[in-house]
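Residues per chain, in single letters:
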Amino acid sequence: MTEYGLAGGIVAGVDVGGTYTDLILLDPATKQVRLAKQPTTAVNQAFGVLAALRAVAADLTSIDLIVHGTTTTTNAVLERNLCRTGLITTAGFRDLLELGRRTRPHAYGMFGRFKPIIPRDLRLEVPERMDATGTVRTPLDEDALRRAVRQLMHTGCESLVIHFLHAYANPTHERRAAAIAAEIWPNGNITMGHAMLSESREYERGVTAAISASVQPLLTRYLDRLRTELSERGYPGEILVMNGNGGMVSSHFVAKEAAKTVMSGPASGVMAAAYTGRRAGVGNLITYDMGGTSTDVALIRDAEPAVSNEIEIEYAMPIHVPMVDVRTVGAGGGSIARVDEAGLLQVGPESAGADPGPICYGRGGARPTISDANILLGRLNPDKLLAVDDPVSVDTVRSIFARDLGDPLGLAAEESAAAVLQVANAHMAGAIRMVSISLGTDPRDFALFAFGGAGPLHATALARELGIPTVLVPSRPGITNALGCVVADLRHDFVNTINAPIDAVDLDRVHAIFARQTAAGERLIEKETVGISEIRHVFSADMQFVGQTHLLRVALPGPTPDRTTLQSLFERAYFDRFRVELSEIRANLVNLNASIIGVRPPVDLSSLIDPATREVTLAAAEIGTRPVWFAGGWQDTSIYWRDRLPAGCRIEGPAIVEQMDTTIVIEPGNIATDDPDGNIHIQIVGN
Amino acid sequence: MALDPITLSVIQSGLQQVCDEMDMCFSRAAFSPVIAEANDRSDGIYAADDGALIAQGAGGLPIFVGTMQFSTRTLIEMIRSGDAGEPEPDDIYIVNDPYLGGTHLMDVRFARPYYRDGEIFCWLSNTGHWPDIGGSVPGGFSASATAVEQEGLRLPPVKLFKRGRMDREIYAIICSNIRVAEQRIGDVKAQSAALLVGEARLNALLDRYGDDTVREAIAELRIRAAEQMRAHIARIPAGTYQASAYVDSDGVVNEPLEVNLTVTRKGRDLVFDLSKSSPPCQGPMNSVLATTLSSIYLAMRHIFPDIPISAGAFEPLIVNRPVGTFLDAHYPRPVSGCAAEVSQRIAEAVFAALVEALPDVVTAAPAGSSGNFALGGHDPDSDRSYVMYQISGGGYGGNADHDGLTNGCSTIGISKAPPVEIMEQAYPVLYRRYALREGSGGAGYHRGGFGLEYEVELLRGEARASFVMDHGRFGPQGALGGAAGATNTVRVWRNGQSYIPDHLSKEQNIPLAAGDHVHVGTPGGGGYGDPCRRDPTEVLEDVCLGYYTPEQAHTLFAVVIDGAPPTIDRAATEALRAAGAAQR
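Protein sequence lines, in the order shown, are assigned to chains V and Y.
First residue of the first sequence? That's 171 in this note's numbering, and the numbers climb one at a time after it.
First residue of the second sequence? That's 10 in this note's numbering, and the numbers climb one at a time after it.
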């Protein structure tokens, strides 16, 4: 078997985001790096990928491995552009996917809608029933099943979900039904409810399966097309796809569990952050990815991103498979500022989005946004904005700020813009704090890893607000997701429910489960045609006190923990999180988790900023000065070009560093230093 | 010097953050699934002198928006009069007395004085719904109590923590009077830890901005919140608006109870009058004043979701005390239905009264019941007693923008319904069906959402079924020409015989044997606007999805649909609609 992507081969990481398709082409032998940013082609993302490869003049025959992050499935779910998919379920329960465990979309306000993933006329029932112990109460009616399968075929379904109650306890009926359906169904698109997630909770399991099934044909078609296009152009190798767990999987297998790709893009950004941080010696990071419409936050501890099995991608749309725990905390550059009826300045939640977008995009946006405030205060250079249709003068922005915000607040236009940033930063800092403490951590123990187009504009102010001592800005903040593709490992995650008190649990069973998970993961990694340098194992347990519903994840030192270790690790983790000691109550061992990771050979990031472009002195990297508004007034501020910064340089704030895809604000008093990989570490003096 | 508006905004979000962190700490550490999963709790900051609401967590249960300031105010008054002990640093008072600014007995409030330089700067308080508080019914939702003593243990404000140490004696008394007491220590610690988190965060806020600045900001924010509410009120045309909503019965006397509401815009305020409502009732459907007020506040916040939760925002909402009605209950009137059911009828009356004045932001009536079905029994297989709760949602009202949500949760809550699989794991029951209740959405230009229909069988042993629901007699009201949603139905099959409770939606302790089953249909939402103006294609889609039958399309929406696959008979539909219009 040929193994691709071994040390020495050229690797391409391609991330298709909502607006841009980003590419990093890295040749480890020569350390040469080529970068591209091309508009995403919505209808067929493959065109954008090809355009990005063309833009770096890549010789496809020489590329060893292409790793791909895609939003094909994300967009399909959020826009409900799904393949026609049918559901066959237990008699009496066809409405589960529509009823949900319903709350309402907003805590206050009786408005709001919900659209089920599979419409009611494509949800059929067959007689069959397991009880909660997995005992058959009603045998599967195979004739009824055949009829249901045919009916769904005749209505044009191209994907099928078979989801029965309690199949996690006994999957026999689901398996039998899938086998019967496979005899009739015209393609392989049959998803069993228990296959991806073998846990109780029929809604969460059903939605996970339904999402997966209804994007599977889309993903298959897209990857087939991409594979054909690339091989026609001479690419000999394998395409790997990023999963939401931050690992990559062969494009031949990935569609079978397509739901796992729904958070692919954000996950790869976090993986890049973890990798970059590890190389820079900063293991604890809060990632802060601010784009035009939203801001994503994730937590990395000891270079390991936090993972969750309970992510909701939108209201009442849970995908319960292990995924990098990326939280969207609202505001982006397009968030609109207004003065409310109480005379208070509010920023967001309303957003100008990408269309019309901020005023400065020149697409007809006429309401003040965060991006416009950055323009008005000299932080953003209006001449360097990407994606501007019809340039708008700073004077126009200023007059809108004066009219909409300054006048009602009794402030000058610039003061009102500064206020917008202050209020927006206070909100974002609060949201980041909530993410951090919900995971049991104090943000002050972390560095802030700023990326995305707007992350580095706000990071120093946020760090100041949060008491975070350091901001880390990677060398290529605007293409971090593509970098995640380049550095990603192979990864398989397993969850098994055991649900027994620690003092009574059968430890042999615990050890056997971990051993089984390990073997399964290693088998899957062997099947991939990608070279790895070693296999890493990460074990953890989800625990709780008896009577509690929340789970606390505890990292385990190995696959054979003893009772004392389990108990003491849990008690310590619980105390660390809640400052509550509860020796009165017994603890439960709920889930056993293993991640089996095929570690790829290390990737040298030191040439992400081409050494040839670097100047010898800081002065030579300065491309000009302009007045920038800091702390209540204008300050003449040096503007540097990132690629020209001398290696290891030290910059004292105030300063602005510009580069192709982002702008970094270094506030007065901050001290920034460049490291060997070209990351900038900004020390927030006083924190 | 007046505070600048930016500092105000930042302090406002800082205070909010303190409360949100308390909420999160409480939920994450809590034991009771009612708190941890259903978020049936709330945390906030209250004024030192009168308990006025300064800020409250955004994720708190809506019913608590107004109650906690009354609870804190009552405590402050009792300290002044000597009826509660003098506060000292690190004390925490515990209280659940409904008549002292509460809801039902299960909602247990903690209050902690927050000191700066030896003076009380404000109070930090929270409420959590304990899974049991003693009384005649496990879980506390009685359908037929006639005095508060039957509903459980009632605590006046006493110090559970004295200078930071828990009083083991008081705790022992509590534990001796409630069920599943051994796990309550987890909730007590979570509830008190949340207040400690609040204290630490508030310290940081005050240290940063200065005590005087924050004090000034709190005062200013209160004034501005009132202004914001008044700006919203100005959208309501001056005049008087009236509506009534009806509770099926009090569970004891089988007669409806009327919530009779008049809303009058007076200048820049809204005056709510409930004085024509029914007198106090024998059964547990009385509401204490704090809950009545809170129900009005939460309804207004559903209408204007952007107003801050603060005493200032509620100032322009003037509620005349409904003396002598069941909405101003006094000791010893039983009150266990007030938070879950009566509150939602009050909110329904607010919606119904204001929907004509504010047709864009008020919806037709939602299902508006918590749908409590409790099953208590003994499982012979495990030899254990159990109490199972099934709460459920119903349809929401249609509105100016769209059809109502199907199976939404109660107006006063934000709780998720439990999964069927988890219920079957934990209790000896089997759900035969868990389905959308076809035809239940009230007809309208925008129809109501659909209710839920479930059928659950007792597999082993014996058990007793209790129901505290509502809308069994009257469906959720339609608005602006829309029809009411379907009523709630309860039917119990015992030994093959069907039994319907006399009070339709309420009854306690119906004995069941293995093989018996319970069938519940929850209400659909009210329709919004004239159903004969509904787009026939939308009616066709509803028929194709099985939401309505072709007959219902004809009778409810005046749309003629026939054939297979079903199609609209345009000519017949136009004729039918024209004839209907001519009749009107």
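Think of the hints as simulated: they come from the structure by calculation, not from any bench.
Please note: incorrect hints may appear among the correct ones.
To be verified - Sample of chain Y residues at the chain V side, in silico, Cβ under 10 Å:
1. Ser41
2. Pro288
3. Asp388
4. Tyr405
A virtual CB, placed ideally from N, CA and C, is assigned to each residue, including glycine.
Results of checking the hints against the structure:
{"no.": "1", "hint": "Ser41", "in the structure": "holds, 8 Å"}
{"no.": "2", "hint": "Pro288", "in the structure": "violated, 30 Å"}
{"no.": "3", "hint": "Asp388", "in the structure": "violated, 12 Å"}
{"no.": "4", "hint": "Tyr405", "in the structure": "holds, 6 Å"}
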